[in-house]
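2 protein chains.
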Amino acid sequence: MAEGKVATYIPGLAKANPDWFGICLVTANGTAYEVGDSRQPFTIQSISKPFVYGLALEDQGRQHVLSKVGTEPTGDAFNSISLEPGTGRPRNPMINAGAIATTSLIAGKTGPARLRRLLEMFGRYAGRDLALDDEIYQSENETGHRNRAIGHMLRNFDILTTDPIPSVDLYFQQCSVSVTAYDLGVMAATLANGGTNPITGKQAIRGEYVESVLSVMGSCGMYDYAGEWMYTIGMPAKSGVAGGIIAVLPGQLGIAVYSPPLDARGNSVRGIRVCDALSRHCDLHLLNRPSPGESAIRLKFTGAELNSNRIRTPEESQALHHDGGQIQVYQLQGNLHFASTEAVVHDVIANVDQIRHLILDFKKVLTLNESACRLFYEVLNKLSRLDRVVLFTHAEHLPLLRRYMKVKLGERYTELFRSLQENDLALEWCENRVIEAALPSRRDARSATPAQYELFENFTPAEIDVISSLLQRRTYQQSETIINAGDEANELFFLARGGVSVFVSVDSVSRKRLATFTGGMVFGEMAVIDRAPRSAMIVADTEVTCDVMSLGDFDRLGSTHPGIKIKLLENLSLCLCRRLRTVNRKLAVFD
Amino acid sequence: MAEGKVATYIPGLAKANPDWFGICLVTANGTAYEVGDSRQPFTIQSISKPFVYGLALEDQGRQHVLSKVGTEPTGDAFNSISLEPGTGRPRNPMINAGAIATTSLIAGKTGPARLRRLLEMFGRYAGRDLALDDEIYQSENETGHRNRAIGHMLRNFDILTTDPIPSVDLYFQQCSVSVTAYDLGVMAATLANGGTNPITGKQAIRGEYVESVLSVMGSCGMYDYAGEWMYTIGMPAKSGVAGGIIAVLPGQLGIAVYSPPLDARGNSVRGIRVCDALSRHCDLHLLNRPSPGESAIRLKFTGAELNSNRIRTPEESQALHHDGGQIQVYQLQGNLHFASTEAVVHDVIANVDQIRHLILDFKKVLTLNESACRLFYEVLNKLSRLDRVVLFTHAEHLPLLRRYMKVKLGERYTELFRSLQENDLALEWCENRVIEAALPSRRDARSATPAQYELFENFTPAEIDVISSLLQRRTYQQSETIINAGDEANELFFLARGGVSVFVSVDSVSRKRLATFTGGMVFGEMAVIDRAPRSAMIVADTEVTCDVMSLGDFDRLGSTHPGIKIKLLENLSLCLCRRLRTVNRKLAVFD
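The listed protein sequences derive, respectively, from chains F and U. Using numbering that gives the first Met the number 0, the first residue of the first sequence is number 0, and each one after it goes up by one. Using numbering that gives the first Met the number 0, the first residue of the second sequence is number 0, and each one after it goes up by one.
The set of hints was computed from the structure by calculation and includes no laboratory data. One should not assume that every hint holds.
A pair holds if it fits inside one copy or across any two, identical chains being indistinguishable in the list.
[What the hints assert, rightly or not] With a cut-off of at most 30 Å between alpha-carbon atoms, the simulated DSSO-like pairs for lysine-lysine come out as follows: (1) K299 <-> K201; (2) K108 <-> K381; (3) K511 <-> K299; (4) K511 <-> K585; (5) K511 <-> K363; (6) K108 <-> K407; (7) K362 <-> K201; (8) K14 <-> K407.
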């Protein structure tokens, strides 16, 4: 393929080798793929325009920039002057007139200061320092009469309010920035990634202006080829006369191609073909999105299907099995925007009659925008009026949600916006309310006598006396460690008063609760059974009183009182069996 | 707000009440929200153009349509003639000239037949039969001189090859179709939903042409306001002079507004304001997409972290704990397109040294396109060359994947494309290979003597004799039901030879495996412990030999041989304890 002609209107450009051919694709996650001459330097030319437009938006604000440069495609060629009748406002920032007007808006007191600002901006996008190609710059400067004419025309219409020549000069400089296809790929990916360079993690442009930059690329980036480009390739794009071209698929990836021969419209021939092939091959057309989009509901279950890690008595478990359906948990995921959140809200409202407690779990949510916050606010408001409770969990990484609720709820914020760190704790809180309502007169689970211990069920008073003589009473302060992971397992604990929790370390600072026990329950039994070192840490949640049986006494019981040992082991099996059934039921929820 | 003027150039339109105001938003899932006069009929006018364009693409193919009508925005007003110099091809199908050329491409032998085709097409989009407003049609027909002039001009350039008047007449008819804002909302949502009406579930246009329809709406739909519209509102849109306007956010939703007063460009004043407000409020700008997009990896775990439901011996469990890291499972989710799949593939390749068995689970995948298939093919190809095994599970609902692999793999298809229905079975298959490699000389798990039963561990030969006398040998044919759910639990089973599996019914046709046991293991013990009816069904996987102990003998053992009963209960507790640890470990994976 040897179609197209290397640009010659700037003498410096004519020296390019027409065979140079480089392609680079960079994902919004920062993975780069490159082939060919992707590290061959060339000048950015008109591809600078959208980036400088973004900087102008940051420097002057959208309103002022729009008063100087429009956003309408012209259907005309790149060097058309296309000023709006009457106002003299250039039609859009992608034609030269609009680009010169845009460049004039860059902040800075002196020419060198403004150039430095421009180069720093390009550097943030590319993730490395970029510099001018001086030869091309001189060449542009010497031959840029048409652009100087445009500058004076803009001055005539008061679009430029001072001497146009420094702005035209800065424009020549921005066009002469030396880049590679790899650089442009990263720059395009930065736009795809909401303005943050996905490799360095540094912000190149404020996120709110990215859509404006991409909009002008989308409607005007390919000059009089823009409509056909959108039709066939379907990504905002920009080309330059040195033979570069970039395309951006928002949220996904950036593409850059370098190949100097140009078609009659000034676009790289191979650049267009590569973008066309990639778009077709990889289904990158912006308007060809799968429907109806990802589901924001990762998992949905009730308090009857999955319980908190608080170990319940059989009576309590029965109550939760019966009434736990009043607790509805939505585990959300992905990017929460209007449409994805609307589907969640729609589902909640459709089931509102069943729901008394709603838990919204944000652990797997990547991002959330204001329209999603508004919908969650509406849900909270509606459910509160119906006397339902809404709990938000794992929402610390989404400060926008808290801020939004604070503003909207005002003085009702503390009462209504219940945000808990852990799903497990939220579930436990809701369960407690369900159990209180179902079993208003149940035994106080905070204390138990040996006759009430779950492992001593069906024991005769005489057997209780025998086994009680083997128990040693021990007390612990709140937060005291009762068992350490790695300890030898030589004791079995019966909880007489208070609560204890089992934790495993997640990392050096955080730990995860595996279980919480209350009065009457046995703990520390598993390591005793399989004679393994303690696998987790057990801590007193409150002041705690325990009855402790040594492993020796437990073992000896078989020869001294086999009948008691058998009852004890039967109760132990029953207890393990119940826990196994509970965990199996939990597991089924995740399937 | 009383800005704008009701259109008067067609006398019929002038009768509209300027206060009529209806809004309808329909999600790509088919949920409709409407306010105001959303059921007030009015004529579709130019909003018909993109829909007719879609039908022309279906009738004539993209290439032929493009030879008659371009895709470039003109920056000119709706009634501009804008023919391409030389070819006479109208610049785009959204201006009247392009629309008339498009209408002429609709298939059908007679005028009424073509009108019927058009009305059927509109009806598929709207989900109900639509009809002409005859008064408006007469009115259009009587005053449409300019459009007739355009028709003759198109005939002059051979864009129309026959008498232009029937096509112009059909164009007047398509503009006179009577709709409501609700209808237009559903029609827009149909485009957002890839061409399928989300309420009726019926296809209105082939999915492959939706991007083309949306492209011309995006670049040319709002006439000389298209650029600013894309910049501020950012959705493909189309307006009509009766005061209707639609906007589409692909994959997410459609919006329709009806309010007759128009601005100088012929767009509904309130329509634009509503779209602007909704876009801002709900963050609907097409180019403002969160980055880097949803993760396609729902969950990732190894065969050391989570095992299949086949119950393993302690020795086998140890081997899996040690070597299970060679099995890597990726649970995928959402819409798999290039960028989301690339992230998965990138992760697989980065970990390829650890992976010997790769399981790709598609259960939670909503859609998958060809570029995703291509990437999975690349992974399969690369891993096969490295002598790794790839298994695909739950991929039945994605026939494209199978077809793609069949074409690409050719005669290697049967060997390389391993697709299993269940993740659990895939995991078991991989585990078996890992265990075979780790324990080449392990005991044949297909049969066991009573001395080898897990519950008789540490029994003396004399104790084995005693307990064996209580066992009753029983055999089952392959697939025979051993235990039915709901049965009374009065027996304990020791598996001497063969394999059995525990199933629960998922629905009337399918069942789910909870566990598989092999020689030496106990089953049916849980219901015996908690004296509950059988909770699941147990079936012989092979020919099976069991030793069965009655509940009566089990209970009596405590008084006749307390020492044996204690050992039995200790082994039972140990066995339950191990299963509880395994299930807890599984549960941690899902957290």
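Evaluated hints:
no. : hint          : verdict
1   : K299 <-> K201 : between (36 Å within a copy, 29 Å between copies)
2   : K108 <-> K381 : neither (54 Å within a copy, 57 Å between copies)
3   : K511 <-> K299 : both (22 Å within a copy, 20 Å between copies)
4   : K511 <-> K585 : both (17 Å within a copy, 15 Å between copies)
5   : K511 <-> K363 : both (17 Å within a copy, 27 Å between copies)
6   : K108 <-> K407 : neither (43 Å within a copy, 61 Å between copies)
7   : K362 <-> K201 : within (25 Å within a copy, 36 Å between copies)
8   : K14 <-> K407  : neither (62 Å within a copy, 43 Å between copies)
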